[in-house]
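Colleague: For chain A, the structure is supplied; the task is to place chain B on it using the hints.
Protein sequence lines, in the order shown, are assigned to chains A and B.
First residue of the first sequence? That's 1 in this note's numbering, and the numbers climb one at a time after it.
First residue of the second sequence? That's 1001 in this note's numbering, and the numbers climb one at a time after it.
What the hints contain is simulated information worked out from the structure, not anything from laboratory work.
Covered stretches of chain B (in silico footprint by chain A; criterion: 3 or more residues with CB under 8 angstroms from a CB of chain A, positions within the stretch not fixed):
1) 1004–1017
2) 1028–1038
3) 1088–1101
4) 1104–1114
5) 1119–1129
Simulated restraints, written as ranges between beta carbons of each label pair:
6) Ser1122(B) x Thr324(A): 44 to 52 angstroms
7) Pro405(A) x Leu1059(B): 56 to 64 angstroms
8) Ser1122(B) x Thr419(A): 18 to 26 angstroms
9) Gly1047(B) x Gly241(A): 23 to 31 angstroms
10) Glu1206(B) x Leu35(A): 24 to 32 angstroms
11) Gly1040(B) x Arg192(A): 35 to 43 angstroms
12) Val1149(B) x Ala46(A): 41 to 49 angstroms
13) Glu357(A) x Glu1206(B): 51 to 59 angstroms
14) Gly1133(B) x Arg192(A): 41 to 49 angstroms
15) Pro83(A) x Leu1108(B): 32 to 40 angstroms
16) Leu71(A) x Ser1066(B): 50 to 58 angstroms
Just so it is clear, CB atoms sit at the ideal spot from N, CA and C, and this is done for glycine as well.
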Amino acid sequence: MRPKPRTDGPLPGPFRESFWRSPIRGPWLTSVFGLVLLIGIPVMFATGLFSYAAYNPNLASVNDETPGKGLLGFYLFSWPTHPIWLYRLNQGTHVTLGLVLVPIVAFKLWSVLPKLFEWPPLHSLAHLLERISLLAVVGGIIFELATGILNIQTYYKFPQGGNFYALHFYGAWVFIGGFVMHVAIKFPAMVRALRSHSMWDVLRTNLARTRPEPLDAGGLVALRPDPPTISRRGMLAFAGGASALVGLLVVGQSLGGPFRKTALLAPHGQEMTGVNGASPDFQVNMTAEGAGVTAADAHASTWTLTLNTGVITGTGMPPGGTDTVSKVTTLTRADLLKMEQHTVSLPIACVEGWSTENQTWTGVRLADLAKMAGVPEPSSMLTRSLQKGGAFSRAVMSQAQAIDPDSLLALQANGADLTLDHGYPARVIVPDAPGVHNTKWVSSLTFRR
Amino acid sequence: MRWFSRLYGSNPLHLLVTIACFAIAGYAANKLAAGGDVKGILIWLVGAVVGHDLILFPLYALADRSIMTVFRRRPPALPAVPWINHLRVPVVFSAILLLIWFPLIFRLPTQFQADHTTLPTSVYMGRWLAVTGALFLLSALALAVRLAVGGGRRRQDRAPSLVRSGQRARSGQHARSGQHARSGQYEDVASALGLTSGAPAADPHERLPRVDHPR
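So that you can see chain A by itself, here it is in the shape it has in the complex (with noise of 0.2 angstroms):
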């Protein structure tokens, strides 16, 4: 970038350099939270790749809620199964680390503001395109943070009517090219910034003792600094200090256990209540009443399971392909009690971030229904609930998810009958598949050949 003499342009106010004041301003500062976003914004983009990839979203139409993402799934692979653990961790990541650097995003923009009122607004072409990716940077972390921050309140006031997973999916791509670009434009710079005064000098340095950097060619560094109210590693505390708080009045809710009760700014940090009003239940997102599900409809004396085989004719996977099913047979609740019981030790992770210690659930695996239905190593698996409606009321799971030991259809949790809010009669627990993908009310299994 060509430099610019320092000296105060022809417009007022904020366009004016010495309208800027802060003395701790400067490349060094807007260095360092630089370089926490710099580590923590691949972070927050890979967990984010990886939950899109949980979701198996090219094994079939039901479970892709963005179908026109073409080039943009290239990277899609086969969700495992193994380490149980996985999608827990992945999302607590993703979620909690997001809460985590709004402050840093926020104070990074403090650091950078003059910028925005550099006059003249433009210098030559490069300087143009620098600016329009610097909307795709600044609009898109903010974008990417308010669609998630209000995701996991349920408070869907989205733009194109809510739908949360093409947004945040989509946006986060849009940021990520300009992010990419401001890194690649502003990695040298921040490395010579870094280097030019050591963090230990600066550690050790009071109030009384700070100084304004050296007038530097970006035009951060105050010409006319007010003397400073804030040492740099008082501004560095701050940030960090208002980080860790969000942090700690979170992270509870994807600890679970003790930690929860913590957990006193998250969506899930109160213990739910169970059915008699006793011991502490596990969280659910999703309540019967919610999903249009009845105590009349879940009833054992009526409800069914039934079994059937599918068929995929055609090019590919539905949409383009068509499902042909084929109906086995039904079985009762008494008739699945009767079949041979599992009991498995696994945690409930939604992709809103938090879940559950590992709950203990019994009930008929999956992998002796598939062998029941004839069809012992399916392709994948069709599962359908009572749910009315709902963009989760039909998923589907792949092969390695539908055989899998651990995978069942659980009758109960913690040693007693499921609860209508978690799924009775019957539901599906696949590991580390997303909490959405655990089929509550399950009414029918399609193993497709």
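Modeller: Then chain B, alone, in the frame of chain A:
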């Protein structure tokens, strides 16, 4: 090469990176727009930038400067230690928590309990207020301790913010005087930062030394 730089404003690599990144972002933006609500998304994207840079920030800056001005006009009441951060920190911490959790705090997601979690939203306002109260209390306690312990002793090197405004650096010319290049030896940095023993009293108009590295 030189003609390119003059025309474009940077090197060819810059242009290649730019095109590659714009291609990725543009491809995804096209998918985003395919959802149909282009206006809604643009309002969000631009609204995010405007909301932060042109509304939130000026409000914050105005509040910060106002409070400094108000307190400066009452010099006898000013403590001898830097006090402003004892106000800034709890205010900003509390505001960030509100910014993140306002839907739950104001009980906006109406189906949160019935359709989703079975958990009430009524607790969040109380929790946020309690955390805010605790932050202010801790901050006040910390200030009280600083006043009791260090108030008198620190009077010598107290914050320049408490110096009368007339003494503050006003001249850009003067401010630039600290810009001269230094050799970058550690001793130089340490002495300028006042880290060496017997360092002279710091001049508030001085700048950090420039440390030059080979490019």
